[in-house]
Amino acid sequence: MSNFPEKKIFEEADNWIKNNKKVSLATVVQTWGSSPLGIGSRMIVSEDGDFLGSVSGGCVEAKVVEECISLMKNKKICKKIDFNVSNENAWEIGLACGGDISIYIEEIKL
Amino acid sequence: MKLEIIRETLKNKSLKKEFAVITNLINGESEIFFPGCDLSEMFSKYSERIEKTFNLNKNGIIENSEIFVQTYKNPIKVIIVGAVDISIYLIDYAKNLNFEIIIIDPRGYFASKERFPDTKIINKWPIEAFNEIETNSKTALVTLTHDPKIDDPALQYALKNKFFYIGALGSKKTHEKRCSRLIEAGFKEIELEKINGPIGIKLGGKSPSEIALSIISQLVSEKYKNKI
Numbered sequence: 004m005s006n007f008p009e010k011k012i013f014e015e016a017d018n019w020i021k022n023n024k025k026v027s028l029a030t031v032v033q034t035w036g037s038s039p040l041g042i043g044s045r046m047i048v049s050e051d052g053d054f055l056g057s058v059s060g061g062c063v064e065a066k067v068v069e070e071c072i073s074l075m076k077n078k079k080i081c082k083k084i085d086f087n088v089s090n091e092n093a094w095e096i097g098l099a100c101g102g103d104i105s106i107y108i109e110e111i112k113l
Numbered sequence: 070m071k072l073e074i075i076r077e078t079l080k081n082k083s084l085k086k087e088f089a090v091i092t093n094l095i096n097g098e099s100e101i102f103f104p105g106c107d108l109s110e111m112f113s114k115y116s117e118r119i120e121k122t123f124n125l126n127k128n129g130i131i132e133n134s135e136i137f138v139q140t141y142k143n144p145i146k147v148i149i150v151g152a153v154d155i156s157i158y159l160i161d162y163a164k165n166l167n168f169e170i171i172i173i174d175p176r177g178y179f180a181s182k183e184r185f186p187d188t189k190i191i192n193k194w195p196i197e198a199f200n201e202i203e204t205n206s207k208t209a210l211v212t213l214t215h216d217p218k219i220d221d222p223a224l225q226y227a228l229k230n231k232f233f234y235i236g237a238l239g240s241k242k243t244h245e246k247r248c249s250r251l252i253e254a255g256f257k258e259i260e261l262e263k264i265n266g267p268i269g270i271k272l273g274g275k276s277p278s279e280i281a282l283s284i285i286s287q288l289v290s291e292k293y294k295n296k297i
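Chains as they are written, first to last, in this note's numbering: chain A, 4 to 113; chain B, 70 to 297.
Honestly, the hints are just simulated from the structure, not real lab data.
Please read all numbers here as calculations on a predicted model, not as lab measurements.
Treat the hints with caution; some may be incorrect.
Unchecked claim - Simulated restraints on C-beta separations: (1) N22(A) / D187(B): 26 to 34 Å; (2) Y293(B) / A65(A): 25 to 33 Å; (3) D53(A) / S181(B): 34 to 42 Å; (4) Q33(A) / K257(B): 44 to 52 Å.
To be verified - Calculated pairs, DSS-like style, for lysine-lysine (alpha carbon to alpha carbon, straight line, at most 25 Å): (5) K21(A) / K80(B); (6) K296(B) / K271(B); (7) K11(A) / K85(B); (8) K80(B) / K11(A); (9) K71(B) / K66(A); (10) K10(A) / K86(B); (11) K66(A) / K112(A).
Using N, Cα and C, we set each Cβ at its ideal position, and we do this for glycine too.
This is chain A alone, in the form it adopts within the complex (with noise of 0.2 Å):
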């Protein structure tokens, strides 16, 4: 049997909703220059700072984890998030790689 790339995070979404977590999706939809992972890479967080899953193989992760946080904390619906070098933040989040990418952020919702 061979697994699609998001079925464990799928599945595991799936299963913090039916213990009444609220839980992010977050994906790579625009990267340029050498990013570390490609487009379409997801991973989910829950309301609680748990996740699966993974944007850019270390990197980005833990600011990720807090954006899609304060996003369900706040109600908002979705948010775009680029990290690049150029950018102070993303430079003490560590990029680096020398790439940049886009990360989509919304709520899974009912």
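With chain A's structure known, arrange chain B on it following the hints.
Then chain B, alone, in the frame of chain A:
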């Protein structure tokens, strides 16, 4: 995105359907796209470009829009002839690489459910087995029995049906003999260049798991070379 779309995606994947999930990045609304089917008003004016992205097996934002397309195509089919030890490791590696494995082996004591619990096994000779499998230029063949009675008919089928990858286990000498047999059977030398023999990229390993790793690496590399 609604949970319903996520559940539909899981369901469509388990039914082996090919589709795309499209999302309006402005409002987070998503919909499932099936080729040839109509989309709702929000997405319908992009349907041609959505279909193009889907056909190219790509993910991405449609140019000059806020529409994101995530394409779900079926995994590449890899047919393994020979339910040997290497096959067990190949199945293990393939699990996380989006390959669908089918095993053919007429020898029942090799191709048992106990040895291959979650894998599709066809307990028949290759010629009969291929009648049960849909194949195309996106299919790969790996022959591992190095018994000409079993491997050769499968290789002939894959060559005729233009599989994107063909690999045959065996030393250089074994491969030379194999090629002479195939030439006798009417194949041209240039056609036989399609066969990777000895199979796999050079890692230097000899154990079944290391050989399986070298084969799966070659498959991944050929997948990207052939833009599949």
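Against the structure, the hints:
1. N22(A) / D187(B): 26 to 34 Å: Since the Cβ atoms of N22(A) and D187(B) sit about 28 Å apart, the hinted range of 26 to 34 Å holds.
2. Y293(B) / A65(A): 25 to 33 Å: holds, 31 Å
3. D53(A) / S181(B): 34 to 42 Å: Holds - the Cβ-Cβ distance for D53(A) and S181(B), about 40 Å, lies within 34 to 42 Å.
4. Q33(A) / K257(B): 44 to 52 Å: With a Cβ separation near 46 Å, Q33(A) and K257(B) satisfy 44 to 52 Å, so the hint holds.
5. K21(A) / K80(B): Judged against 25 Å, a Cα distance of about 17 Å means the pair holds.
6. K296(B) / K271(B): holds, 22 Å
7. K11(A) / K85(B): holds, 17 Å
8. K80(B) / K11(A): holds, 13 Å
9. K71(B) / K66(A): holds, 24 Å
10. K10(A) / K86(B): Distance of about 14 Å is within 25 Å: holds.
11. K66(A) / K112(A): holds, 22 Å
Taken one by one, the earlier hints all hold for this structure without exception.
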